[in-house]
Amino acid sequence: MTLLNHGDIYGVFIENGRFVSQSVFFYGIQIGAWVSCAFLFNRLITVFFWDGFIGGISDRRIPRLPKDVTSILIFTITGLIVASTVFNKDTTKLLAASGVVSIVIGLALRTVILDLFMGLAIHVDRPFKMGDWIMIHQNRKETHIVAEVIETNWRTTRLRTTRNNMVVIPNSKLGETIVTNYMEPKPHFRMDLDFTVDFEVPSERAVRVLTAGMRAACENEGILHDPEPEVRMKEATLDGMVYELRYFILPKHISPNESMHLVNLTVLDHLRHSGIMPSHSKEEVFLSRRDKRSLDVSLDGDLYQLLARAELLRDLTTGERKELFDVMEQHCLKEGDVLYRQEDVATSMFVCLEGLLSSYVGVRNAGQVKTRTIRAGQHFGEGAMLGKQWRDSTVSATTEVLLYEIKRQKFEPILARNTALQNQLEASEVEVTEEARLMAEKAVEEMKPGAEVARQSTLRKVMRLWPKKKKSQEQALFTSFLDEEPKENNKHESGNET
12 MTLLNHGDIY GVFIENGRFV SQSVFFYGIQ IGAWVSCAFL FNRLITVFFW DGFIGGISDR
72 RIPRLPKDVT SILIFTITGL IVASTVFNKD TTKLLAASGV VSIVIGLALR TVILDLFMGL
132 AIHVDRPFKM GDWIMIHQNR KETHIVAEVI ETNWRTTRLR TTRNNMVVIP NSKLGETIVT
192 NYMEPKPHFR MDLDFTVDFE VPSERAVRVL TAGMRAACEN EGILHDPEPE VRMKEATLDG
252 MVYELRYFIL PKHISPNESM HLVNLTVLDH LRHSGIMPSH SKEEVFLSRR DKRSLDVSLD
312 GDLYQLLARA ELLRDLTTGE RKELFDVMEQ HCLKEGDVLY RQEDVATSMF VCLEGLLSSY
372 VGVRNAGQVK TRTIRAGQHF GEGAMLGKQW RDSTVSATTE VLLYEIKRQK FEPILARNTA
432 LQNQLEASEV EVTEEARLMA EKAVEEMKPG AEVARQSTLR KVMRLWPKKK KSQEQALFTS
492 FLDEEPKENN KHESGNET
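Numbering (this note's numbering), first residue to last: 12 to 509.
These are computed hints drawn from the structure, not numbers from a lab. Check the hints yourself; a few may be wrong.
[As the list claims (entries may be wrong)] Computed list of lysine-lysine pairs in DSS-like fashion (alpha-carbon distance at most 27 Å, straight line):
| # | residue 1 | residue 2 |
| --- | --- | --- |
| 1 | Lys152 | Lys263 |
| 2 | Lys418 | Lys381 |
| 3 | Lys245 | Lys184 |
| 4 | Lys263 | Lys333 |
| 5 | Lys381 | Lys333 |
| 6 | Lys140 | Lys245 |
| 7 | Lys100 | Lys197 |
| 8 | Lys418 | Lys399 |
| 9 | Lys421 | Lys381 |
| 10 | Lys78 | Lys152 |
| 11 | Lys152 | Lys197 |
| 12 | Lys263 | Lys453 |
| 13 | Lys152 | Lys100 |
| 14 | Lys152 | Lys184 |
| 15 | Lys263 | Lys345 |
| 16 | Lys245 | Lys197 |
| 17 | Lys184 | Lys78 |
| 18 | Lys140 | Lys100 |
| 19 | Lys418 | Lys453 |
| 20 | Lys399 | Lys381 |
| 21 | Lys140 | Lys263 |
| 22 | Lys78 | Lys245 |
| 23 | Lys333 | Lys197 |
| 24 | Lys140 | Lys152 |
| 25 | Lys381 | Lys263 |
Keep in mind the model is a prediction, meaning the values are calculated, not measured.
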């Protein structure tokens with residue numbers, strides 16, 4: 012109160028307050044305008060350039076590092092502009108002083124700076140992208156790291172291994188190591204598995220069974236039919252012949268370890284049903300005649316044991332198996348051979364002993380639709396034993412196939428005495444029919460307009476040119492399961508003829 016009673020002090024206080032308020036308002040407006048422009052410009056570059064243009068061309072999410080570098084450059088330039096235009100400062104002195112400070116900081120943070128520039132080099136050189144599967148080479152093969160790239164930031168690159176663990180690698184270390192990118196130049200890559208089989212198993216038979224096992228594994232998502240898997244005879248060792256199984260995977264859908272698990276599972280299943288056991292390290296001393304570990308289909312005794320493992324014959328008595336074995340007929344098919352076609356007369360069923368077959372059903376306007384894969388040990392065509400007169404599908408050999416045919420008139424006496432076997436065949440027929448119906452419906456859905464959108468080229472993405480949608484087409488399924496109209500039309504036609 013004493014200070015306010017003196018007029019001169021009060022006037023100075025008011026004048027200083029007015030000056031401070033005007034300065035804050037004057038400089039604050041200008042600084043706020045420049046900073047707002049910088050935020051707007053940085054946001055526009057992020058949305059339209061990085062996420063829009065670059066993201067649309069690469070078809071991948073843009074990492075955070077290039078966006079951060081752009082932001083730092085924009086705000087640094089904005090700071091220099093504010094110092095020069097708002098405060099009327101000479102920016103050359105500021106740049107000279109910042110150079111000395113940069114040298115001191117650079118010596119203290121040389122490792123961090125090396126990681127930063129190596130991260131920028133990785134983005135420029137693009138040895139890998141986010142989502143790619145890569146292998147980091149170490150001193151020993153056992154310590155190699157196979158993982159998916161999650162993110163490359165300022166200092167580190169983060170990877171996710173097949174065990175779902177995160178591995179963090181400094182960019183400077185990553186730049187000094189050898190990196191294998193499994194998804195370049197194409198998004199799929201090849202996996203190799205080795206199986207050792209005894210020399211007593213003929214090579215043709217081993218290749219046939221192993222090929223069937225690999226192609227059966229291709230039914231799983233991510234394991235590719237094209238490029239086609241293959242079996243190569245790799246080398247002969249003291250333990251047996253080593254066969255190399257080559258197949259391709261799409262890591263977008265399946266990890267390398269998961270694909271190895273599925274291929275091993277199906278190949279071992281085919282080997283077991285074929286009576287072949289993988290070889291192993293051994294030292295044998297024979298004091299008497301040894302038992303056979305692998306069975307030969309050319310011998311009746313071994314063939315009887317193999318057929319006894321099939322799903323159809325597994326629960327039969329010894330007498331029924333022997334009776335059925337005497338009336339079965341052997342057939343050998345080459346790859347691509349057609350066993351029977353849809354609407355053929357059905358007089359028998361089959362048991363697959365070795366190899367792989369595919370079942371197809373005709374769908375109107377969709378062609379032949381694959382509905383089932385028939386593997387070693389499975390039976391098919393059981394509808395002929397249950398009263399059906401015509402084949403519901405077309406069956407062809409995917410690989411070389413060894414199978415046995417059972418005629419209806421030979422099988423009817425056994426089926427009449429065995430109610431459980433008849434129930435098994437009826438349940439199997441219902442399951443196969445339902446599976447075929449679902450696959451046919453899926454094929455029809457995929458044929459509808461808009462079910463599948465064509466992948467746009469890079470030029471179309473940049474220019475925002477999109478193709479026109481095709482006109483819808485009427486779809487109809489094959490008559491044996493879903494389409495009832497042809498049957499009614501046939502009835503009317505037959506009545507007119509009469």
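Now the hints, each set against the structure:
For the hint linking Lys152 to Lys263, the alpha-carbon distance of about 24 Å falls within 27 Å, and the restraint holds. Restraint check: the Cα-Cα separation between Lys418 and Lys381 comes to about 26 Å, which is no more than 27 Å; the hinted pair holds. Of the pairs offered as hints, the one joining Lys245 and Lys184 is violated, with about 36 Å between alpha carbons and a cut-off of 27 Å exceeded. Note on Lys263 and Lys333: the hinted pairing is violated, with a Cα-Cα distance of about 50 Å set against a maximum of 27 Å.
Of the pairs offered as hints, the one joining Lys381 and Lys333 is violated, with about 35 Å between alpha carbons and a cut-off of 27 Å exceeded. At roughly 34 Å between alpha-carbon atoms, Lys140 and Lys245 are farther apart than 27 Å, so this suggested pair is violated. Distance hint between Lys100 and Lys197 is unfulfilled; the C-alpha atoms sit about 55 Å from each other, more than 27 Å. As the CA atoms of Lys418 and Lys399 are separated by approximately 14 Å, the hinted pair is consistent with the 27 Å bound.
Between Lys421 and Lys381, the direct Cα distance comes to roughly 30 Å. Violation of the 27 Å bound is thereby established for this hinted pair. Among the hinted pairs, Lys78 with Lys152 is inconsistent with the structure: their alpha-carbon atoms are about 36 Å apart, more than 27 Å. For the hint linking Lys152 to Lys197, the alpha-carbon distance of about 24 Å falls within 27 Å, and the restraint holds. Straight-line distance between C-alpha atoms of Lys263 and Lys453 comes to about 23 Å, which keeps the hinted pair within the 27 Å bound.
A C-alpha spacing of about 60 Å is found between Lys152 and Lys100, which places the hinted pair above 27 Å, so the restraint is violated. For the suggested pair Lys152 and Lys184, the alpha carbons sit about 18 Å apart, so the restraint of at most 27 Å is met. Restraint check for Lys263 and Lys345: the C-alpha separation of about 34 Å exceeds 27 Å, so the hint is violated. Proximity of Lys245 to Lys197 is assessed by CA-CA distance (about 26 Å); at most 27 Å being required, the pair is judged to hold.
For the proposed pair Lys184 and Lys78, the alpha carbon gap of about 23 Å is at most 27 Å, so the pair holds. This hinted pair does not check out: Lys140 and Lys100 have alpha carbons roughly 44 Å apart, beyond 27 Å. Between the alpha carbons of Lys418 and Lys453 the distance comes to roughly 34 Å, so the proposed pair goes past 27 Å and is violated. For the proposed pair Lys399 and Lys381, the alpha carbon gap of about 21 Å is at most 27 Å, so the pair holds.
Restraint check for Lys140 and Lys263: satisfied, since their Cα atoms lie roughly 13 Å apart, inside the 27 Å limit. Between Lys78 and Lys245, the direct Cα distance comes to roughly 49 Å. Violation of the 27 Å bound is thereby established for this hinted pair. Between Lys333 and Lys197 the CA atoms are separated by roughly 54 Å; this puts the pair beyond 27 Å, and the hint is violated. Distance hint between Lys140 and Lys152 is fulfilled; the C-alpha atoms sit about 24 Å from each other, no more than 27 Å.
Of the supplied pair hints, the one linking Lys381 and Lys263 holds, its CA atoms being roughly 24 Å apart against a limit of 27 Å.
Hint compliance for this structure: hints 3, 4, 5, 6, 7, 9, 10, 13, 15, 18, 19, 22, 23 are broken, all remaining hints hold.
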